[in-house]
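Please model the complete structure; the sequences and the hints are all you need to start from.
2 protein chains.
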Amino acid sequence: MPVNNIEDVRKNVKEWKKEGLTVGLVPTMGALHAGHLSLIKKAKETCDRVVVSVFVNPIQFGPAEDYDKYPRTLDADEKLCNSEGVDIVFAPTPAEMYGGGRLSNDTLTYVCPPFFYVNKLCGKTRVGHFDGVCTVVLKLFNIVQPDYAFFGQKDAQQVVIVKKMVKDLNVPVQIIQCPIVREESGLALSSRNKYLSEEGKKDALVLSRILNNIKSCYLKGITDVSALKETAYSFLTDKHDLEYLEILDKNTLEEKDKADDDTIVLIACRVEGVRLIDNVYLGGK
Amino acid sequence: MPVNNIEDVRKNVKEWKKEGLTVGLVPTMGALHAGHLSLIKKAKETCDRVVVSVFVNPIQFGPAEDYDKYPRTLDADEKLCNSEGVDIVFAPTPAEMYGGGRLSNDTLTYVCPPFFYVNKLCGKTRVGHFDGVCTVVLKLFNIVQPDYAFFGQKDAQQVVIVKKMVKDLNVPVQIIQCPIVREESGLALSSRNKYLSEEGKKDALVLSRILNNIKSCYLKGITDVSALKETAYSFLTDKHDLEYLEILDKNTLEEKDKADDDTIVLIACRVEGVRLIDNVYLGGK
Chain A
78 MPVNNIEDVR
88 KNVKEWKKEG
98 LTVGLVPTMG
108 ALHAGHLSLI
118 KKAKETCDRV
128 VVSVFVNPIQ
138 FGPAEDYDKY
148 PRTLDADEKL
158 CNSEGVDIVF
168 APTPAEMYGG
178 GRLSNDTLTY
188 VCPPFFYVNK
198 LCGKTRVGHF
208 DGVCTVVLKL
218 FNIVQPDYAF
228 FGQKDAQQVV
238 IVKKMVKDLN
248 VPVQIIQCPI
258 VREESGLALS
268 SRNKYLSEEG
278 KKDALVLSRI
288 LNNIKSCYLK
298 GITDVSALKE
308 TAYSFLTDKH
318 DLEYLEILDK
328 NTLEEKDKAD
338 DDTIVLIACR
348 VEGVRLIDNV
358 YLGGK
Chain B
78 MPVNNIEDVR
88 KNVKEWKKEG
98 LTVGLVPTMG
108 ALHAGHLSLI
118 KKAKETCDRV
128 VVSVFVNPIQ
138 FGPAEDYDKY
148 PRTLDADEKL
158 CNSEGVDIVF
168 APTPAEMYGG
178 GRLSNDTLTY
188 VCPPFFYVNK
198 LCGKTRVGHF
208 DGVCTVVLKL
218 FNIVQPDYAF
228 FGQKDAQQVV
238 IVKKMVKDLN
248 VPVQIIQCPI
258 VREESGLALS
268 SRNKYLSEEG
278 KKDALVLSRI
288 LNNIKSCYLK
298 GITDVSALKE
308 TAYSFLTDKH
318 DLEYLEILDK
328 NTLEEKDKAD
338 DDTIVLIACR
348 VEGVRLIDNV
358 YLGGK
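Which chain is which? The protein sequence lines are A and B, in order.
The first sequence begins at 78 in our numbering and counts up one residue at a time.
The second sequence begins at 78 in our numbering and counts up one residue at a time.
These are calculated hints, taken from the structure and not from any lab test.
Idealized CB from N, CA, C, for every residue including glycine.
It cannot be assumed that every hint is accurate.
Distance windows between CB atoms, simulated [unchecked claim]:
#, chain 1, residue 1, chain 2, residue 2, range
1, A, K240, B, G263, 47 to 53 Å
2, B, D143, A, R149, 49 to 55 Å
3, B, K201, A, K156, 52 to 58 Å
4, A, K94, B, P256, 33 to 39 Å
5, B, K244, A, K240, 23 to 29 Å
6, A, K201, B, K201, 30 to 36 Å
7, B, S303, A, Q254, 56 to 62 Å
8, A, R149, B, T99, 39 to 45 Å
9, B, T99, A, F192, 37 to 43 Å
10, B, D152, A, K306, 55 to 61 Å
Put into structure tokens, the structure is as follows:
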């Protein structure tokens with residue numbers, strides 16, 4: 078059975094710590110797929126005890142976003158976690174996490190990552206999203222007090238921002254980043270892929286194709302960022318609503334003129350109205 | 078010798094925790110006086126080990142405020158701490174706390190308390206002050222990982238906001254609030270009293286006099302908030318630049334029409350250009 082309340086998680090973790098065991102946290106919004114599974118497996122390898130949180134976090138969704146529609150599959154998530162030997166599935170209600178009141182920065186303390194990291198890529202259209210992410214992640218860190226926490230490279234901007242938060246606020250946790258898991262077709266796994274038709278899934282391959290093509294151009298010696306971006310446009314049709322294609326420093330998210338091995342290429346594109354993201358490191362891994 | 082770096086503090090605390098000892102933190106900006114001393118004594122009574130941090134936190138000062146001028150008396154502070162049996166005096170540099178770069182919310186992750194708690198009292202004139210306070214307090218909590226942290230009631234808005242942060246972010250620490258310490262004259266102790274002349278110290282008594290008078294009016298049965306506020310004006314002369322006088326709920330900082338035993342009266346007033354604050358609970362304590 079999932080644990081719903083904070084105090085029960087704390088009690089368990091306290092016991093583990095007394096025994097000198099290490100604790101890993103995999104924070105998720107549920108609708109678990111093989112991408113999450115790879116995080117859980119990595120956590121099991123790294124830590125003595127593993128907590129998976131399943132919480133669709135209201136404060137990271139904008140008013141026009143898919144909070145209500147977001148897939149919720151707790152029973153299946155729990156089965157998956159059990160079969161992987163997860164010690165606790167922590168699935169709190171919004172009220173358990175935020176109390177009963179209205180959720181706004183008039184009434185709640187927020188963690189606000191630096192504008193420089195936020196005002197670009199997904200943060201440009203998803204205003205307040207990363208404040209909501211950092212706030213819930215810090216809450217989960219404070220509840221579970223993990224030694225390690227596991228995040229997917231899929232949400233690349235998120236990982237950079239969470240790492241920055243951990244550094245800036247001296248949070249005593251080590252962030253482990255795990256590679257993107259893809260379908261055989263190349264499509265990056267995402268809980269939002271459930272919204273796509275079969276046709277849409279084919280159209281969605283444009284994201285990984287654009288990234289792969291930029292990477293192979295880079296490996297052939299093209300480093301000019303404008304030239305690399307140019308290569309994308311031949312892939313796009315009227316099925317694709319490109320939101321951004323950026324080529325940045327993978328650690329600082331700074332713009333560069335020339336790509337190098339510390340470069341990440343990030344893309345966001347709507348297909349059938351579904352917002353999909355993907356990315357690739359030019360320097361491998 | 079004070080400990081200057083974060084890793085040394087962490088190492089010590091880790092050893093203490095291994096031994097099952099409880100840890101108390103008294104966060105200060107130094108220039109320690111008997112008010113701080115009362116916090117340290119309370120911490121020594123409550124905890125097995127006590128850390129006093131001495132850090133004039135740049136990000137809680139506005140550009141026109143007294144960051145450069147703020148009194149720094151580390152040698153004396155350390156002696157006082159030693160004589161009280163403090164285990165660690167943690168006195169980091171700004172660079173140790175924030176890195177070498179520019180300090181702004183373009184470059185750093187901030188903790189932002191709710192607008193409702195911030196947009197009043199001291200927060201009204203000290204824009205960004207409580208973001209800076211919460212950010213440094215959370216950093217100190219994450220570095221020291223105390224079981225208990227000790228704050229003075231003198232900075233009443235600060236304590237309410239820190240308690241709110243702890244609740245909202247599930248920070249695993251218990252906040253202990255200690256009463257205001259006063260000179261025999263009634264003047265609340267403050268590191269900023271050092272800026273005052275002898276004459277100014279006399280003029281500064283107006284703060285505690287106004288508060289005491291409101292409290293005795295309340296005890297005589299006057300509960301109407303406007304009427305209670307009115308009583309203050311006869312005390313003020315041209316030596317006093319009143320910034321605010323507010324009568325609020327002591328836990329939520331909500332306005333009320335009628336005072337009751339959960340009410341706090343807060344005052345801020347400049348004397349000789351020095352900004353002084355004071356407060357009193359109408360319900361005792």
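A quick look at each hint next to the structure:
A C-beta distance of roughly 50 Å is found between A:K240 and B:G263, which places it inside the suggested range of 47 to 53 Å. Checked against the given bound of 49 to 55 Å, the beta carbons of B:D143 and A:R149, roughly 52 Å apart, stay inside it. Between B:K201 and A:K156 the Cβ separation comes to about 53 Å, which falls inside the hinted range of 52 to 58 Å. For the hinted restraint 33 to 39 Å between A:K94 and B:P256, the CB-CB distance of approximately 34 Å keeps it satisfied.
Range check, B:K244 to A:K240: Cβ separation about 26 Å, and the 23 to 29 Å hint holds. In this structure the supplied range 30 to 36 Å holds for A:K201 paired with B:K201, their Cβ-Cβ distance being about 32 Å. Between B:S303 and A:Q254 the beta carbons are some 58 Å apart, a value that agrees with the proposed interval 56 to 62 Å. In this structure, A:R149 and B:T99 meet the distance hint of 39 to 45 Å, their C-beta atoms being roughly 41 Å apart.
At about 39 Å, the beta-carbon gap between B:T99 and A:F192 stays in the expected band of 37 to 43 Å. The beta-carbon spacing between B:D152 and A:K306, approximately 58 Å, falls within the hinted interval of 55 to 61 Å.
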